[in-house]
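Start from chain F and add chain V according to the hints.
Letter by letter, the chains look like this.
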Amino acid sequence: MLLTELEPGLSAKITDLSTVDSLVQRRLNDLGVLEGEFVCLKRLLPFGGPCLFEACGQCIGIRRHDASKISVECE
Amino acid sequence: MEVALFGNPNTGKTSLFNILTGSYAFVGNWSGVTVEKKVGQLKNHDGRLVDLPGLYALAPLSSDETVATRFLLRNSFTSIINIVDASQMARNLQLTIELLEFGKPMVIGLNMVDVAKHLGIVFDTLKLSECLRVPVVPIVARTGRGCARLEEMLASACSDPAPSFQLDYGEEAEAAIKRMTRLLKEETLNKRWLAIQYFQGNRIVMDRVHRKVGDEIPRKIAADLSQKLKEKNGRLTVPQWIHRKRKKVIEAVLADAVQRKAPSKPAFSDRLDAVLTHKWLGLPIFFTLMYLIFYATFNWIGTPVSDQLDAFFSGPLTDWTGAALTSLGVLPFIRDVILDGIIAGVGGVLVFVPQIFVLFFFISWMEDSGYMARVALVMDRFMQMAGLNGKAFIPLVIGFGCNIPGIMAARSIDQPKERLLTILISPLMSCSARLTVYSLFAGVFFKSHQALVVLSLYVLSIAMALIMAKIFSQFMKKERSVFVVELPPYRLPNLRTIIRSTWDKARGFVRKAMTFILGGTVLVWLLSYTGPGGLNVAINHSFLAIVCTAIAPLAAPLGFGTWQAASGLITGFLAKEAVVSTFGIVYSAGGASLTDVVGQAFTPLQAYSFMVFTLLYIPCISTVPAIRHETGTRKLTLLTVGYCVLLAYIVSFIVYHGGLLLGFH
Chain F
1 MLLTELEPGL
11 SAKITDLSTV
21 DSLVQRRLND
31 LGVLEGEFVC
41 LKRLLPFGGP
51 CLFEACGQCI
61 GIRRHDASKI
71 SVECE
Chain V
1 MEVALFGNPN
11 TGKTSLFNIL
21 TGSYAFVGNW
31 SGVTVEKKVG
41 QLKNHDGRLV
51 DLPGLYALAP
61 LSSDETVATR
71 FLLRNSFTSI
81 INIVDASQMA
91 RNLQLTIELL
101 EFGKPMVIGL
111 NMVDVAKHLG
121 IVFDTLKLSE
131 CLRVPVVPIV
141 ARTGRGCARL
151 EEMLASACSD
161 PAPSFQLDYG
171 EEAEAAIKRM
181 TRLLKEETLN
191 KRWLAIQYFQ
201 GNRIVMDRVH
211 RKVGDEIPRK
221 IAADLSQKLK
231 EKNGRLTVPQ
241 WIHRKRKKVI
251 EAVLADAVQR
261 KAPSKPAFSD
271 RLDAVLTHKW
281 LGLPIFFTLM
291 YLIFYATFNW
301 IGTPVSDQLD
311 AFFSGPLTDW
321 TGAALTSLGV
331 LPFIRDVILD
341 GIIAGVGGVL
351 VFVPQIFVLF
361 FFISWMEDSG
371 YMARVALVMD
381 RFMQMAGLNG
391 KAFIPLVIGF
401 GCNIPGIMAA
411 RSIDQPKERL
421 LTILISPLMS
431 CSARLTVYSL
441 FAGVFFKSHQ
451 ALVVLSLYVL
461 SIAMALIMAK
471 IFSQFMKKER
481 SVFVVELPPY
491 RLPNLRTIIR
501 STWDKARGFV
511 RKAMTFILGG
521 TVLVWLLSYT
531 GPGGLNVAIN
541 HSFLAIVCTA
551 IAPLAAPLGF
561 GTWQAASGLI
571 TGFLAKEAVV
581 STFGIVYSAG
591 GASLTDVVGQ
601 AFTPLQAYSF
611 MVFTLLYIPC
621 ISTVPAIRHE
631 TGTRKLTLLT
641 VGYCVLLAYI
651 VSFIVYHGGL
661 LLGFH
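Sequence lines, in order, name chains F and V. Per the working numbering, the first sequence starts with residue 1, numbered consecutively. Per the working numbering, the second sequence starts with residue 1, numbered consecutively.
Here chain F stands alone, though its shape is the one from the complex (with noise of 0.2 angstroms):
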């Protein structure tokens, strides 16, 4: 499933980076969101926008169309 589709407050593994923005990847990266790494939904914000997510005890704010290309799955 897609880390947009979780449920707020469930956290989900990341399965698949791939085919987000090569840029927003690197970012991600960097800030050690990788393939493997826990993710948690905390909210969406409305009228499509931003996607806000824990991971790696850190929060992160991204756009919601990145957030969609990002593959997790709940344990």
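Honestly, the hints are just simulated from the structure, not real lab data. There may be inaccurate statements among the hints.
[To be verified] Capping the alpha-carbon separation at 27 angstroms, the derived lysine-lysine pairs in DSSO-like fashion look like this: (1) LYS69/F - LYS417/V; (2) LYS232/V - LYS69/F; (3) LYS635/V - LYS13/F; (4) LYS635/V - LYS417/V.
Relative to the frame of chain F, chain V by itself:
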């Protein structure tokens, strides 16, 4: 000795810089505060400290990140301080490894150990320093704890031989590194580091290598490596492979040297964020906060103090100075310059200092608390509609202080198109100088709704900026937009930092009043004192009146076609405060107080139209070179100046005539 300060964004580099050099540079709680390197003298040692923009990795993405790699390549420094955020070790150490590979003497400052402790993270710094083979010193840069020891270690690190840190990247990568280092045998810098950076796609290193040995062979080596890794590992790219290898090493180090316990209390930031970045409440809360800040500035604290200062300047100070000058027997001409020129003009500007201090006190508070990154997040959807990035909101808010640092701060935006757009619209941000005009007019015409009227101008300034950005973006080629924002934990702002930061912003204002405005005021006064009829002419027959009467009709459709208004707007190009100081001269002839005369000279609607025009009409003379510098072309600079004038004319026209139709006057 020259020491370079490296570290991830928002880890406290600038705080440490301020402590070690005893200077004051701007600190904030978001990523990208420092966009240009800053150099300071070390307090206790002979030597200089260079503060570099924060970065996650040496391979640059945005233009402020190229500064750091270029600095490394120039190689003029003796040692490195690497600041590491103790609560985010895993990712901070990625940069640390790149720096260790560079092979200069280095000391690690493990910052924010207090925050980490709250999160239940405990370190064995000895073990850490053993694993990384460089000294590791725990510090708290905000309060200065441990910084003295860091400095001592630095001095001894410089005398030790440079660390030889090497990490095994696996058979294929090591073979490629070997091929590359052989190719680079002429190179004076660390060859292994250059090779690894090349494979990571650091474009500045790539340019350097291509310049020295041509691009054919290096590209071939990199392509071979990529091919070999693909055969072995599937879809991993070379940079990802390197990143992964480093991550393994980091995990091993951390497993050895760091212990995690349960956090001592539930995260306060999380609960605050649940409200401040709330789905629906986020934006209303931001605007309410802004309204409260303006209300406090104009209604509660700033204006009452300003009024007293005004009373003092126009009353006792003028009387005492006048009496003193008369008793000294100075020429009437000199007496007039001082009383009607300097005190009326510069004093008219200085009375707004309290309001500016109060406003910046609150804005600094927001900057230091970590709220700005949240605002960038909440605003992103809106900014996106205008072709901008949520991150552009931070330079724009800084532009409220002064447009110049706002334009500089645009460098932290990753994409060139969004950066250019931000620079182009920055002059529309209502800077503190323009606040003097609003304060004067709002105080006279809209006494009971001051905060609301001034806030409306700020909102207008943002709205116009977004509209112009949208229009400009239509003419630019499409570019993908990147938005990744890190929300740092909230912290209680440090009062000392806030006061310094407020002072830093307001100081420029006071200094400008004492130099630029003073000079301009004396010149304007001279022009109003002399005329074709000689000296001390009636002000209506002065050179100033004659020149300004000629151009005044241009502004008549906007509601303020008087020569006095025109004179204010002309000098306003020098600095926006000069509008007020010029009014102080041209309206105060006759001894009445400025507020009374202005109250007679404008109607409320005309006053509002005039404020709108002042808000938009032209970037001041100091901002123009900043735009030229950051955009790099004369054409875009002229475009910026030109569109501002046109926009101001159109908007003021609509406001004035719209207002008339609605029955205002």
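Outcome of the hint check:
1. LYS69/F - LYS417/V: holds (24 angstroms)
2. LYS232/V - LYS69/F: holds (26 angstroms)
3. LYS635/V - LYS13/F: Distance ~50 angstroms between LYS635/V and LYS13/F Cα, so the pair is violated.
4. LYS635/V - LYS417/V: With a Cα-Cα distance of about 16 angstroms, the restraint between LYS635/V and LYS417/V holds, given a limit of 27 angstroms.
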